[in-house]
Amino acid sequence: MNLGVQMGGEELSLEKVSAFFGKKEIVKSVSFDVANREVMALIGPSGCGKSTLLRCINRLHEETPGAWVRGRIQLKNLDIYGPAVDPVEIRSHIGMVFQKPNPFPGFSIFENVVAGLTIRGVRKRSYLADVAERSLRAAALWDEVKDILKAPGLSLSGGQQQRLCIARAIAVNPSLLLMDEPTSALDPISTAKIEELLFDLKKNVTILIVTHNLQQAARISDQVAFMYLGDLVEVGSTAQIFTKPTNVQTENYITGRFG
Amino acid sequence: MARDQLHQSHFRRRKLKNLWMQFLMTLATVIAIGPLLMVFFHIVALGLPSLNFSFFTELPAPTGEVGGGMGNAILGSLVMIAMASLICIPVGIGAGVFLAEFPRGSIPRTLRLVIDLLASLPSIVVGLYVYAVLVVPMKSFSAWAGTWALGILMVPIVVKTTEEVLRLLPFHYREAGLALGLSRWRVICSIVLRSRRKAILTGIFLALARIAGETAPLLITAFGNRNWPSGLGEPMASLPVQIYNYAISPFEDWHRQAWAGAFTLVSLVFALNLISRALMTSGGTRGGELGG
Numbered sequence: 020m021n022l023g024v025q026m027g028g029e030e031l032s033l034e035k036v037s038a039f040f041g042k043k044e045i046v047k048s049v050s051f052d053v054a055n056r057e058v059m060a061l062i063g064p065s066g067c068g069k070s071t072l073l074r075c076i077n078r079l080h081e082e083t084p085g086a087w088v089r090g091r092i093q094l095k096n097l098d099i100y101g102p103a104v105d106p107v108e109i110r111s112h113i114g115m116v117f118q119k120p121n122p123f124p125g126f127s128i129f130e131n132v133v134a135g136l137t138i139r140g141v142r143k144r145s146y147l148a149d150v151a152e153r154s155l156r157a158a159a160l161w162d163e164v165k166d167i168l169k170a171p172g173l174s175l176s177g178g179q180q181q182r183l184c185i186a187r188a189i190a191v192n193p194s195l196l197l198m199d200e201p202t203s204a205l206d207p208i209s210t211a212k213i214e215e216l217l218f219d220l221k222k223n224v225t226i227l228i229v230t231h232n233l234q235q236a237a238r239i240s241d242q243v244a245f246m247y248l249g250d251l252v253e254v255g256s257t258a259q260i261f262t263k264p265t266n267v268q269t270e271n272y273i274t275g276r277f278g
Numbered sequence: 034m035a036r037d038q039l040h041q042s043h044f045r046r047r048k049l050k051n052l053w054m055q056f057l058m059t060l061a062t063v064i065a066i067g068p069l070l071m072v073f074f075h076i077v078a079l080g081l082p083s084l085n086f087s088f089f090t091e092l093p094a095p096t097g098e099v100g101g102g103m104g105n106a107i108l109g110s111l112v113m114i115a116m117a118s119l120i121c122i123p124v125g126i127g128a129g130v131f132l133a134e135f136p137r138g139s140i141p142r143t144l145r146l147v148i149d150l151l152a153s154l155p156s157i158v159v160g161l162y163v164y165a166v167l168v169v170p171m172k173s174f175s176a177w178a179g180t181w182a183l184g185i186l187m188v189p190i191v192v193k194t195t196e197e198v199l200r201l202l203p204f205h206y207r208e209a210g211l212a213l214g215l216s217r218w219r220v221i222c223s224i225v226l227r228s229r230r231k232a233i234l235t236g237i238f239l240a241l242a243r244i245a246g247e248t249a250p251l252l253i254t255a256f257g258n259r260n261w262p263s264g265l266g267e268p269m270a271s272l273p274v275q276i277y278n279y280a281i282s283p284f285e286d287w288h289r290q291a292w293a294g295a296f297t298l299v300s301l302v303f304a305l306n307l308i309s310r311a312l313m314t315s316g317g318t319r320g321g322e323l324g325g
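From first to last, the protein sequence lines stand for chains A and B.
First residue of the first sequence? That's 20 in this note's numbering, and the numbers climb one at a time after it.
First residue of the second sequence? That's 34 in this note's numbering, and the numbers climb one at a time after it.
There may be inaccurate statements among the hints.
[As the list claims (entries may be wrong)] Pairs of lysine to any residue residues, derived as SDA-like cross-links and limited to a Cα-Cα distance of at most 20 Å, are as follows: (1) A:Lys119 - B:Leu201; (2) A:Lys169 - B:Arg227; (3) A:Lys212 - A:Ala159; (4) A:Lys221 - A:Ala157; (5) A:Lys119 - A:Ala159; (6) A:Lys222 - A:Ala211; (7) A:Lys119 - B:Glu208; (8) A:Lys119 - B:His205; (9) A:Lys169 - A:Arg153; (10) A:Lys221 - A:Ala159; (11) A:Lys42 - A:Leu248; (12) A:Lys119 - B:Leu202; (13) A:Lys95 - A:Phe51; (14) A:Lys165 - A:Ser209; (15) A:Lys42 - A:Trp87; (16) A:Lys95 - A:Asp52; (17) A:Lys169 - B:Arg230; (18) A:Lys119 - B:Arg200; (19) A:Lys165 - A:Phe129; (20) A:Lys119 - B:Pro203; (21) A:Lys143 - B:Ser223; (22) A:Lys35 - A:Ile45; (23) A:Lys169 - B:Ser223; (24) A:Lys42 - A:Arg89; (25) A:Lys119 - B:Phe204; (26) A:Lys119 - B:Arg207; (27) A:Lys43 - A:Tyr247.
[As the list claims (entries may be wrong)] Far from chain B, by Cβ distances over 10 Å, these chain A residues were calculated: (28) Asn96; (29) Leu97; (30) Pro102; (31) Val141; (32) Lys165; (33) Thr210; (34) Ser256.
Derived by calculation from the structure, the hints in this document are not laboratory data.
Just so it is clear, CB atoms sit at the ideal spot from N, CA and C, and this is done for glycine as well.
The following block holds chain B by itself, in its conformation from the complex (with noise of 0.2 Å):
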C-alpha cells in the first residue's frame, strides 16, 4: 500500500512539473511571436483601409493633392525584381551546380569562399559599389542600377540554396544515371536537377522574398520617380523606396499611402514565403527524405 501511495505522489509531482514547463515554453513562444503578430496587425490595419484600386493603378498625386497610387512603384519594383531575376537565377544555378557536382579543387573552394562573402555584404555597400560603379560614370541614377544592386543580392543566395539542395541528393542517384549509359552532364540536367527542381525554386522564391523589400540599395541607385517607368536608363520608382519618401513626408495622405505600400510589400512577402513553403511540402516524395 505504501508503495502505491509514494508511486501517486511521484506521478503528481511529474504531471504538475510538466505543466509548469508547458506554461514555460508557451511564454517564451508568445513572447517571441508577439511582437511579430503586432507588426503585422499594425500594418494591416493601417494600411488595408488606405487600399484602394487606384492605389494599384495611379501615380502619387502631386504635393498637396489627396488621392493617386503607388503603380508606378509597384511596376518599378517588379520590373526591377524581374530584371534581377532574370540575370541572376540562370548564372546562381549555373554556380550552384558546379559548387555542388564539381566540390573538389581549388576553384570551388575560392568560389564558395567569395560566395560567402558576397551574401553576408550588407546592402547599403552593395549599394554604394553599385554607385560608384555605374550611377557616377553614367552621371544619372538608373533602373539598370537598382537591377545590377539587386542581383548582387540576390546571386549568393540563389548559390548557396542551389548547392545545398543538391548535395542533399545522395550521390547513389548519380550513379544510377551513370550507369544507365548517360553522361554526367545528362545525369545532372535531367536526373539532379530535376529530381530537385521544387527545392530550388524554393530557394529562387526566398531569394525575390528577401530582394523585395530591400530599401537602402535602391535608394542610391534606382533612385526613385514620380512617373511611370520609361526606359531601364531613367530613375525608377520602387516599393520600398516610395514607402520610406512617403513615410518621412509631413502629410497625412502620404502616411496612409506609405501604410498602403507597406502592407502590399508584406502581402508580397508573405505571398513568396508561402508559395516556397507549398512547394517544400508538395514533394510527393515517401518520408520527406527528399521533400522536391
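In isolation and in its complexed conformation, chain A is listed as follows (with noise of 0.2 Å):
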C-alpha cells in the first residue's frame, strides 16, 4: 500500500458518501475535500450525521451491525472502500480520539500510549520508550507523567486522560487524526490544552475534528463544513463560514438561531 505523503496535496476526498443504519440514510451524499496538514472543523446539531461521517472514513461505522456506506473515501492515493482494502490495515493510518476518554483499563500510562504497537508485536524496549516520549510530548503530558509512567492511565484526571488518549492515538504515526467532540466531557482548562496542543499536532497530521463548540470550530481551524439532517449544507473557509456564509441555514446555525 503506498501512503507517501505528497506535500500540500488532498489529504482526504470524499466523494458522494452515504452512510447508513440498515434503511435509515444518516448521512446523505457528502463531499469535500481536506487538504494534507490542515484542520477542519465538522459542525451541526446534534444527530445531522458529524459523528457517524467521521466513523465511516476509519471504517468504524461498519463494525455496528446493520450498517453500511455508499460512496468513496480517498485517503491520498487510496480508496478506502476498495476491495482490496484491509479496514484493519487502513485504521492505522488514521488516528481516532473519542468523546470520552477511554484509556485502556489495566494498562499503565506507558502501555497505553503503546498500546497501537505492543499488541501488534513490536517489542524492541528502547524503541517503544521512545515512541512513547515522543508520543507524550506531543500531547502536551510528558512533563506531568514523566515520573509515573507505570501508573494506571485511569488514576489521571479526564483532561489528562484524553491528551493521553491522543499520545496514544498519534503514537502508532498516523496521517490523519480523527476526533469526535474530543473535549466535550472536559473542563475550560483542559479543553484549552487540547486545542492549543492541536496547534502543534497539526504541524505533522491532518486533522478532522467534529465539535458543538463553534467558539472552538473558530479558533482552532482552518475549514469548516456545516452539516444539518445528513446533509453537507456548506463547507468553506473558517473565515468565510462564521463571517458571510452563502447559506442561510449556517448563518441561522451560527448565530444561533436554532441547534
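Each of the two chains sits in its own frame; use the hints to bring them together as a complex.
In C-alpha cells form, the structure reads like this:
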C-alpha cells in the first residue's frame, strides 16, 4: 500500500458518501476535500450525522451490525473502501480520539501510549520508550506523567486521560487524526490545553474534528463543514463560514437561531 | 417559642424512631449471620484440636487403629480439581468470550440457554450421568469420572462469570482498539481480556470454591480410596467423600478426623473466597467503575 506523503496535496477526499443504519440514511451524499495538514471542523446540531461521517472515514461505522456505507473515500491516493483494502490496515493510518476519554483499563500510562504497537507485536524496549516519550510530548502530557509512567492510565484526571488518548492515537504515526468532540467531556482548562495542542499537532497530521462548540471551531480550524439532517449544507474556509456564510441555514446555526 | 418546642419534640420522635429501626436491622443481621458463625465456631472447636501434621501427610489408619490422616484425600481432591480446571477454564473462558463478544444470532442464544440449564443441574444428577456414561462402561470408579463430574459443574460458572465481566466493559473501549488498527481478535485478547483479567480470575476462584466442597457427584464417580492416588483410571479419595465416610462411621477417632477434614475444607473454601475478594478490590482503577 503506497501512502507516501504528498506535500500540500489533498489528504482526504470524500465523494458522495452516504452512511446507513439498515434502510435509514444518516449521512446523505456528502462530498468535500481536506488538504494535507489542515484542520477541518465538522459542525452541526446533534444527530446531523457528523460522528457517523467521521466513523465512515476509518471504517468504524461498518462495525455496527446493520451499518453500511456508499460512495468513495480517498486517503491520499487510496480508495479506502476498495476491494483489496483491509479495514484493520487502513485504521492504523488514521488515528481516532473519542468523546469520552478511554484509556484501556488495567494498562499503565506507558502501556496505553504504546498499546497500538505492542499489541501488534513490537517488543523493542528502547524503541517503545522513544515512541512513548515523543507521543506524550506531542500530546503535551510528558511533563505531567514522566515520573509516573507505570501508574494506571485511569488514575489520571479526565483532561489528562484525553491527552493520553491523543498520545496513544498518534503513537502509531497516522497521517490523519479524527476527533469526535474530544473536549465535550472536559473542563475549560483541559479544553484550552487540547486546543493549544492541536496547533502543534497539525504541523504533522491532518485533523478532522467534530465539535458542538462553535467558538472552538472558529479558534482551531482552517476549514469548516456545516451539516444538517445528514446533508452537507456548506463547506468553506473558517473565516468565510463565520463571517459571510452563503447559506441561510448556516447563518441561522452559527448565529444561534437554532441548534 | 411554641414553635421551637414543637420542633424539639418532633426531633426527639425522629431520633427514637431511628434508634428503634437501627435496633431492628441489627437484630435481623444477627439472626442472619448467627447460625453461620455457630457452624463456623463448631467446626473450628471440633476440627482444630484434631489437626496435626500427620493429618496432612499420612494415609488413613486401618480400622480400629488410632491416628493416621487424610493426606490421600487432600491430594486426591487437589488432583481432581486441578484436572477439572485444566480442561474447564480454557473451554469456559472461550465460550464466555464468544457469548460476550458475538452476542447476536441464534447460536449464542441457544448456547446461553444450555449454559443456564447446565448451571441449574443438581450435582447428584451430574454424578449419575457421569456414572452412566463413564463408570459403567469402564466397569470401574475412577478419578477421570470424578474429574468430568466436577468439570461439568464448573464450566457453566466460568462461562457465565466470564461473559458477565466482559460485558461490563463498555463497547467504546473495543472501538478504541479497533481505531488503533488492531484486528477484532487482538482487541479481544489484548485489550478486553487483559483489562478484565482480575475479574475473570475472581470468577474462576469462585468456581473452584464451589466445586471443592462437592460430595454427591464424587461419591458415585471417584468413589474413594484408602491409598495414595496411583492413577487417573483408579478410584480416588477426595476430602468431601472422606469426611462423609468418616462422619457416618461408628468410630470416635474417625469422627474427630472428619471434623479435622471439615475444618480443612472450610479453610480451603474460605481462602479461595478471600483471594477472589482481594482480586476484586485491588483493581487500581478510579471510582470503581471497572474493578479489575
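Hints, one by one, checked against the model:
{"no.": "1", "hint": "A:Lys119 - B:Leu201", "result": "holds (16 Å)"}
{"no.": "2", "hint": "A:Lys169 - B:Arg227", "result": "holds (16 Å)"}
{"no.": "3", "hint": "A:Lys212 - A:Ala159", "result": "holds (8 Å)"}
{"no.": "4", "hint": "A:Lys221 - A:Ala157", "result": "holds (11 Å)"}
{"no.": "5", "hint": "A:Lys119 - A:Ala159", "result": "holds (19 Å)"}
{"no.": "6", "hint": "A:Lys222 - A:Ala211", "result": "holds (18 Å)"}
{"no.": "7", "hint": "A:Lys119 - B:Glu208", "result": "holds (12 Å)"}
{"no.": "8", "hint": "A:Lys119 - B:His205", "result": "holds (9 Å)"}
{"no.": "9", "hint": "A:Lys169 - A:Arg153", "result": "holds (17 Å)"}
{"no.": "10", "hint": "A:Lys221 - A:Ala159", "result": "holds (14 Å)"}
{"no.": "11", "hint": "A:Lys42 - A:Leu248", "result": "holds (16 Å)"}
{"no.": "12", "hint": "A:Lys119 - B:Leu202", "result": "holds (14 Å)"}
{"no.": "13", "hint": "A:Lys95 - A:Phe51", "result": "holds (14 Å)"}
{"no.": "14", "hint": "A:Lys165 - A:Ser209", "result": "holds (19 Å)"}
{"no.": "15", "hint": "A:Lys42 - A:Trp87", "result": "holds (9 Å)"}
{"no.": "16", "hint": "A:Lys95 - A:Asp52", "result": "holds (11 Å)"}
{"no.": "17", "hint": "A:Lys169 - B:Arg230", "result": "holds (18 Å)"}
{"no.": "18", "hint": "A:Lys119 - B:Arg200", "result": "holds (18 Å)"}
{"no.": "19", "hint": "A:Lys165 - A:Phe129", "result": "holds (9 Å)"}
{"no.": "20", "hint": "A:Lys119 - B:Pro203", "result": "holds (11 Å)"}
{"no.": "21", "hint": "A:Lys143 - B:Ser223", "result": "holds (18 Å)"}
{"no.": "22", "hint": "A:Lys35 - A:Ile45", "result": "holds (13 Å)"}
{"no.": "23", "hint": "A:Lys169 - B:Ser223", "result": "holds (18 Å)"}
{"no.": "24", "hint": "A:Lys42 - A:Arg89", "result": "holds (12 Å)"}
{"no.": "25", "hint": "A:Lys119 - B:Phe204", "result": "holds (12 Å)"}
{"no.": "26", "hint": "A:Lys119 - B:Arg207", "result": "holds (13 Å)"}
{"no.": "27", "hint": "A:Lys43 - A:Tyr247", "result": "holds (15 Å)"}
{"no.": "28", "hint": "Asn96", "result": "holds (19 Å)"}
{"no.": "29", "hint": "Leu97", "result": "holds (14 Å)"}
{"no.": "30", "hint": "Pro102", "result": "holds (19 Å)"}
{"no.": "31", "hint": "Val141", "result": "holds (12 Å)"}
{"no.": "32", "hint": "Lys165", "result": "holds (20 Å)"}
{"no.": "33", "hint": "Thr210", "result": "holds (20 Å)"}
{"no.": "34", "hint": "Ser256", "result": "holds (29 Å)"}
In terms of the numbered hints stated before, the structure departs from none.
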